[in-house]
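J.: Chain by chain, the residues run as shown.
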Amino acid sequence: MDENDIIICRCEDISLAELREVIEAGYTTIDEIKRVIRLGMGPCRGGTCLQLIDRILAEYQGTGRAEIQQPTNRPPVEGIKLKEIAGDAVEK
Amino acid sequence: MQLKNKAETVIIGGGVVGLSTAYNLAKKGMDEIVVLEREYLGSGATGRCGAGIRQQWGTEMNCKLARKSMDIFEDMNELLETEMDIELKQQGYLLLAFSEKEMEQFRKNLKLQSRENIPSREVSPAEAKEIVPHLNIDDVVGGTFCPTDGHANPFLVVKAYADAAERLGVEINTFTEAVDIIQEDGKITGVQTDKGLIATDKVVNTAGGYACQIGEMVGLDLPVKPERHEILVTEKVEPYQGPMVMSFSYNIYCQQTPKGPFLMGFGDPDEPASFNRKSSWHFLEEMAKKTYNLLPPLGDLRVVRQWAGLYNITPDRQPIITESKEIPGFYMAAGFSGHGFMIAPMTGILMSEMILGEELTLDINLDLERFEQGNLILEPSVV
Chain R
1 MDENDIIICR CEDISLAELR EVIEAGYTTI DEIKRVIRLG MGPCRGGTCL QLIDRILAEY
61 QGTGRAEIQQ PTNRPPVEGI KLKEIAGDAV EK
Chain Z
1 MQLKNKAETV IIGGGVVGLS TAYNLAKKGM DEIVVLEREY LGSGATGRCG AGIRQQWGTE
61 MNCKLARKSM DIFEDMNELL ETEMDIELKQ QGYLLLAFSE KEMEQFRKNL KLQSRENIPS
121 REVSPAEAKE IVPHLNIDDV VGGTFCPTDG HANPFLVVKA YADAAERLGV EINTFTEAVD
181 IIQEDGKITG VQTDKGLIAT DKVVNTAGGY ACQIGEMVGL DLPVKPERHE ILVTEKVEPY
241 QGPMVMSFSY NIYCQQTPKG PFLMGFGDPD EPASFNRKSS WHFLEEMAKK TYNLLPPLGD
301 LRVVRQWAGL YNITPDRQPI ITESKEIPGF YMAAGFSGHG FMIAPMTGIL MSEMILGEEL
361 TLDINLDLER FEQGNLILEP SVV
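Sequence order for the protein chains is R and Z.
Sequence positions in the first sequence follow the numbering used here and run 1 to 92.
Sequence positions in the second sequence follow the numbering used here and run 1 to 383.
Hints are supplied without guarantee of correctness; some may be wrong.
List of simulated lysine to aspartate or glutamate pairs, DMTMM-like, C-alpha gap at most 20 Å [as the list claims (entries may be wrong)]:
no., chain 1, residue 1, chain 2, residue 2
1, Z, 289, Z, 323
2, R, 81, Z, 286
3, R, 81, Z, 180
4, Z, 278, R, 18
5, Z, 27, Z, 39
6, R, 83, Z, 271
7, Z, 289, R, 18
8, Z, 259, R, 59
9, Z, 236, R, 13
10, Z, 236, R, 78
11, Z, 108, Z, 60
12, Z, 259, R, 13
13, Z, 6, Z, 180
Derived coverage of chain Z by chain R (criterion: at least 3 residues anywhere in the stretch with Cβ under 8 Å from a Cβ of chain R; other residues may be distant) [claimed, not checked]:
no., segment
14, 41-48
15, 107-119
16, 234-240
17, 244-256
18, 300-312
A short list of chain R residues far from chain Z (calculated; beta carbon distances all over 12 Å) [said to hold, decoys possible]:
no., residue
19, 3
20, 7
21, 17
22, 23
23, 51
24, 85
Don't read these hints as lab results, they were simulated from the structure.
Cβ coordinates follow ideal geometry from the N, Cα and C atoms, glycine included.
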């Protein structure tokens, strides 16, 4: 199969080709790429794709993966239902 | 990359207001425009905002700016020849009143809005429930609805303005910080950045939550304060809620974005002025309670992410869009008090007209002197 058909972000259905397109358009940070194509913004919170994107960015930039700036880690750590957070305190 | 060392105008702040100003200036033919952004474009207030576009305001100035901006949002894909659709959704804002007193204020606002051709109307609790069937109307006294209010994607609006500005020759420098503004004999002569000096006699302060710091660079103590506001986003689901549901007294806004997730927030009345942009557990808990009570079925949605950004608040909750009387050449579009994104299209046009000395398209008076004179017209409709 064409390497570009590989799905990088399963939650947002983003292929390697789409990722390459934004990198080639000039975006240099994970923060920007997330916001433009929503990679890593889905319910798994970047569990898979963030492991892959820094490697691909590093390839383009000719640096090591360690040099790629990681995006802000935002709470909660995993998805929680609003009613569970609201708990018993809800006044109906 | 080497910065330009000379510019006709330097715009400090690469959010939607700065980029809209840059685009409109370039479109009117100005050459040598430089935008400075400390991080990436939209990394401040724009990219952290609630993505709503509302015309139902309570002051004439905010109504005018919002109404004209909506016209521009409607045509933005064509106007800016966008590469990616800005995801405009116009399924309305439903504003809820929880007391007769609040409803009286809404009726005053409706009169004002009608003069500005904003198609808003009063709704009863039963009508509100027809518009949003899953709404708990137990304590709702009434409300107003404007069907053309809605949503646009702030990241893609920023990209649209940035791309269009670059095509017109604007130089946009990301990860470049304005460190100081240089003055000689009371006149601006340049902007010192962390990557070099740019000679210019015109500077525009569009620094959002950090506008006061840019003001300090020219010795102005701007009547604005940064204040953290928090938001959360849920997992995406099928289209379920058309309009934004909002209340000032119950203190909430909640909208489903076109791709499926719900965005929601409220303003903490005890939030101190600060540059704090960290999320809090307190917010998450309060937000969950408010939403589960007012919009019960949303209780089943999982929270995916929460974050915070800065409002830049003025004493009357209306922006400052003006040139400094004390320091000629220092322009400001700041103090948007939480609604900069939705009025940015018109703000950019007005700023460009002001800078070029043209007659303003809209009759506005949003200068600094109003705060000294003290006859402020307060915007009552802010979350």
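J.: So, for every hint listed, does it hold in this structure?
T.: The hints, checked one at a time:
1. Distance check on the hinted pair: residue 289 of chain Z and residue 323 of chain Z sit about 44 Å apart at the alpha-carbon level, beyond 20 Å; violated.
2. Restraint check for residue 81 of chain R and residue 286 of chain Z: satisfied, since their Cα atoms lie roughly 14 Å apart, inside the 20 Å limit.
3. A threshold of 20 Å between alpha carbons decides the hint, and for residue 81 of chain R with residue 180 of chain Z the separation of about 47 Å lies outside it, so the pair is violated.
4. A hinted pair counts as satisfied when its Cα atoms are at most 20 Å apart, and residue 278 of chain Z with residue 18 of chain R does not qualify at roughly 31 Å.
5. The hinted pair formed by residue 27 of chain Z and residue 39 of chain Z fails the criterion: a straight-line CA distance of about 25 Å is larger than 20 Å.
6. Taken as a hint, the residue 83 of chain R and residue 271 of chain Z pair is broken in the structure, with Cα atoms around 25 Å apart against an allowance of 20 Å.
7. For the hint linking residue 289 of chain Z to residue 18 of chain R, the alpha-carbon distance of about 39 Å lies beyond 20 Å, and the restraint is violated.
8. The suggested pairing of residue 259 of chain Z with residue 59 of chain R is violated, with an alpha-carbon distance near 31 Å, which exceeds 20 Å.
9. Between the alpha carbons of residue 236 of chain Z and residue 13 of chain R the distance comes to roughly 13 Å, so the proposed pair stays at or under 20 Å and holds.
10. A C-alpha spacing of about 15 Å is found between residue 236 of chain Z and residue 78 of chain R, which places the hinted pair at or below 20 Å, so the restraint holds.
11. At roughly 11 Å between alpha-carbon atoms, residue 108 of chain Z and residue 60 of chain Z fall within 20 Å of each other, so this suggested pair holds.
12. The suggested pairing of residue 259 of chain Z with residue 13 of chain R holds, with an alpha-carbon distance near 12 Å, which does not exceed 20 Å.
13. At roughly 15 Å between alpha-carbon atoms, residue 6 of chain Z and residue 180 of chain Z fall within 20 Å of each other, so this suggested pair holds.
14. Closer than 8 Å: that is the beta-carbon criterion, and the segment 41-48 of chain Z has 4 residues meeting it against chain R, so the requirement of 3 holds.
15. Under a criterion of three residues with beta carbons nearer than 8 Å to beta carbons of chain R, the stated coverage of the segment 107-119 of chain Z fails, only 0 such residues being counted.
16. Evaluation of the coverage hint for the segment 234-240 of chain Z: fulfilled, as 3 residues show C-beta separations to chain R shorter than 8 Å, against a requirement of three.
17. Requiring three or more residues with a Cβ within less than 8 Å of a Cβ of chain R, the coverage given for the segment 244-256 of chain Z is violated, as only 0 such residues are present.
18. With 8 residues having a beta carbon nearer than 8 Å to a beta carbon of chain R, the segment 300-312 of chain Z meets the requirement of three or more and the stated coverage holds.
19. With a closest Cβ-Cβ approach of about 24 Å to chain Z, residue 3 of chain R is found to remain outside the 12 Å limit, as its non-interface label requires.
20. The beta carbon of residue 7 of chain R is kept farther than 12 Å from every beta carbon of chain Z, the shortest such distance being approximately 17 Å.
21. Against chain Z, the non-interface label of residue 17 of chain R holds: every CB pair exceeds 12 Å, the least being about 16 Å.
22. Residue 23 of chain R, annotated as away from the interface, keeps every beta carbon of chain Z farther than 12 Å; the closest lies near 14 Å.
23. No beta-carbon of chain Z comes within 12 Å of the beta-carbon of residue 51 of chain R; the shortest separation is about 18 Å.
24. With a least CB separation of 4 Å from chain Z, residue 85 of chain R falls inside the 12 Å interface cut-off, contrary to its annotation.
Of the numbered hints given earlier, the model fails hints 1, 3, 4, 5, 6, 7, 8, 15, 17, 24; all others are met.
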